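Enquirer: Chains as they are written, first to last, in the working numbering: chain R, 13 to 293; chain L, 53 to 375.
Because the hints were derived from the structure by calculation, they are not lab data.
What you are looking at is a predicted structure, and each value in this text was computed from that prediction instead of being measured.
Certain hints may be false.
To be verified - Only pairs whose alpha carbons sit at most 30 Å apart, straight line, appear in this in silico DSSO-like list of lysine-lysine:
no., chain 1, residue 1, chain 2, residue 2
1, R, Lys-149, R, Lys-28
2, L, Lys-160, L, Lys-246
3, R, Lys-237, L, Lys-97
4, L, Lys-160, R, Lys-149
5, R, Lys-176, L, Lys-89
6, R, Lys-268, R, Lys-237
7, L, Lys-254, L, Lys-291
8, L, Lys-97, R, Lys-176
9, L, Lys-249, R, Lys-149
10, L, Lys-291, L, Lys-249
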Amino acid sequence: MRRNQSILDLEIIAVKIRRNVLEICRQRGGYAAQGVALADVTAALYFDEMRPDSEGWFHDRFVLSNGHDAIMTYGALAETGHYTIEQLRTYNEDGSQVDQSPIEGQLGFEITAGSLGQGPSQAAGLAWALRQQGSDKRVYCLFSDGELQEGNVWEAAMFAAHQKLDNLCFIVDNNDMQASGRAVDVLGVEPVPEKFEAFGCKTRRITGTDMAELLDTFDEARATKGQPYVMICDTRLWDGIDCLQQALPMAHYTAKAAVDWDEGLAEITATLSALEARRDG
Amino acid sequence: MLLTGPRSFDPAPFDDISYDLCTRRDDVVIMSADLSKYCQVVRVKNELPRQHLDVGMAEQNLLSVAAGVAKGGLIPVATCFACYITRRAYDQMMICMGTGSGPGTNQKTGPTNIAIGFTPGISNPARIHHQAAEDLGMVRAIPNARVIDPVDSTDFRAALDAAVDLPGLTYIRGHRGDTPRILDPEKFTFELGKTYKLKQGKGIGIIATGHGTQWALEASDILTDRGVEHSVLHVPTIKPVNESEIAEFAFAHNQIVTIENHQIVTGLGSLASEIVSDIGGGPRITRLGLPNRWAPGGTMDFIRGQLGLDAETLATRIAGVAK
Ligand SMILES: Cc1ncc(C[n+]2csc(CCOP(=O)(O)OP(=O)(O)O)c2C)c(N)n1
Ligand SMILES: [Mg+2]
């Protein structure tokens with residue numbers, strides 16, 4: 013833990029991120045199931061792990077490789093105030109500047125991430141350049157299990173380990189889901205930790221939804237010397253909103269009409285009230 | 053010839069160019085993909101190891117790591133053979149290196165990304181897989197990219213010097229091994245987009261780039277001996293080129309011939325044709341270069357002979373367009 017936030021506070025932020033994701037995606041559909049499932053990772057990353065800088069941004073660098081997971085960043089940056097929820101509601105609208113898979117330079121996004129599998133190498137190059145210049149900044153890169161099928165990802169792992177980039181932390185959204193179904197059916201990617209270990213990385217497999225475990229894992233990543241760190245998060249689509257998880261478990265993309273957004277929001281509101289009651293309790 | 057100096061040969065131009073650049077700028081990183089020696093990156097690797105980064109034989113990684121290095125505030129100069137740096141890693145060149153700045157992106161100025169493709173066209177002896185007859189066209193198709201095909205070590209050096217100060221993607225065709233010194237550094241100053249008249253005449257206007265300019269000058273000597281009137285325009289910048297200079301040159305001649313070490317589609321010949329046809333009513337343009345079939349392998353002299361690009365045949369083909 014870096015910013016002395018309580019676990020409960022971070023859990024509350026995660027629920028608010030889930031709420032933002034639903035608010036954004038209910039307009040015209042979107043990658044809601046991933047944004048919801050990654051809300052705990054996102055809360056831990058943006059509200060505890062990455063250090064703020066003096067200019068209202070972050071000292072550390074986040075490289076989003078899995079472009080469509082931008083929805084998680086939008087959920088977080090609505091909470092930080094970098095985007096308004098009104099701006100974000102234009103997501104998936106013709107002419108919107110809020111891309112579903114953003115382009116390099118858009119607020120919050122370091123790379124153009126939509127051609128999948130290209131983030132890990134860019135994060136590794138970034139980490140190498142920062143280390144070269146004596147910077148203490150850390151680099152985080154999120155990519156997905158689908159991206160593990162791209163060769164470029166393994167080129168990055170080999171390079172990062174060879175260069176002993178211990179300022180680099182890979183976060184894998186290992187949700188056993190990709191565009192056409194479950195990864196186990198399309199092209200199996202397991203055993204994921206063992207593969208990265210074999211490439212020379214230090215790894216830890218977690219659920220990705222337990223806040224205490226997430227913070228502990230980020231701590232371990234920071235304490236790791238001489239190796240890049242890979243946290244493999246076994247999330248499942250919609251983690252944190254049971255009714256939607258039951259309604260649409262195979263939702264790589266969630267169309268506007270595919271789920272009952274009000275039902276999901278009602279569950280979120282109840283979860284939020286319970287957590288806030290505990291906090292104020 | 054205008055702008056040219058005494059002929060001599062530079063045995064390893066990029067070794068000096070890269071070393072000189074790195075000693076002047078400690079923010080430059082020369083990157084390799086297991087081909088440092090073959091791209092003549094020797095002194096930087098040995099004497100300035102902090103400014104050399106080898107990613108192994110992984111060209112997608114070369115360009116995506118380079119793009120990350122650029123985002124970290126350094127200037128990557130990714131080197132590899134032209135075939136691999138474009139064909140094998142085109143998406144990384146376009147998306148990772150090419151989308152960070154310029155019209156249509158999210159920022160006016162973004163990181164500087166440089167890629168150098170060595171042994172382009174038929175300057176690699178290993179046929180098909182090692183040759184790159186389409187690299188200029190591929191990179192030319194990337195919005196905001198800059199594409200430069202220098203004729204010798206003088207404009208190769210100048211092109212790289214220009215690129216390190218520019219945001220966005222620059223692709224330069226590299227020269228390696230015995231490279232003729234053609235341009236006189238005293239008389240020639242490189243400017244991005246500028247074209248250079250190497251011979252002023254009338255009748256046939258020859259427009260050439262890269263090795264094609266070397267070939268054009270060889271043919272020019274023969275044409276002069278035979279009394280065939282012509283001019284030669286060297287066009288190192290394929291993109292963004294000063295279009296009005298090409299148009300002015302083209303409309304000042306009865307016939308245009310383009311010469312390039314590249315397929316006659318999508319490269320210089322296409323560029324000149326597009327510019328002239330956009331205006332309309334211009335001279336006929338004959339495109340000489342690599343045909344739309346697999347070129348043979350071997351020495352460049354041998355391949356040129358096979359493809360009718362040796363000096364003698366070129367001169368005859370050029371003279372033939374007047375008839
Ligand atoms: C290089 C590339 N190939 C194909 C696609 C098309 N595509 C978009 S998402 C996707 C599956 C990605 O899997 P994952 O990120 O694990 O999906 P999720 O878990 O978010 O459902 C594919 C094949 C792409 N965007 N990029
Ligand atoms: Mg997945």
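Enquirer: A separate judgement is required for each hint: does it hold in the structure or not?
Expert: Now for the hints, and whether the structure bears them out:
| no. | hint | in the structure |
| --- | --- | --- |
| 1 | Lys-149(R) to Lys-28(R) | 28 Å, holds |
| 2 | Lys-160(L) to Lys-246(L) | 23 Å, holds |
| 3 | Lys-237(R) to Lys-97(L) | 26 Å, holds |
| 4 | Lys-160(L) to Lys-149(R) | 25 Å, holds |
| 5 | Lys-176(R) to Lys-89(L) | 25 Å, holds |
| 6 | Lys-268(R) to Lys-237(R) | 45 Å, violated |
| 7 | Lys-254(L) to Lys-291(L) | 26 Å, holds |
| 8 | Lys-97(L) to Lys-176(R) | 19 Å, holds |
| 9 | Lys-249(L) to Lys-149(R) | 50 Å, violated |
| 10 | Lys-291(L) to Lys-249(L) | 18 Å, holds |
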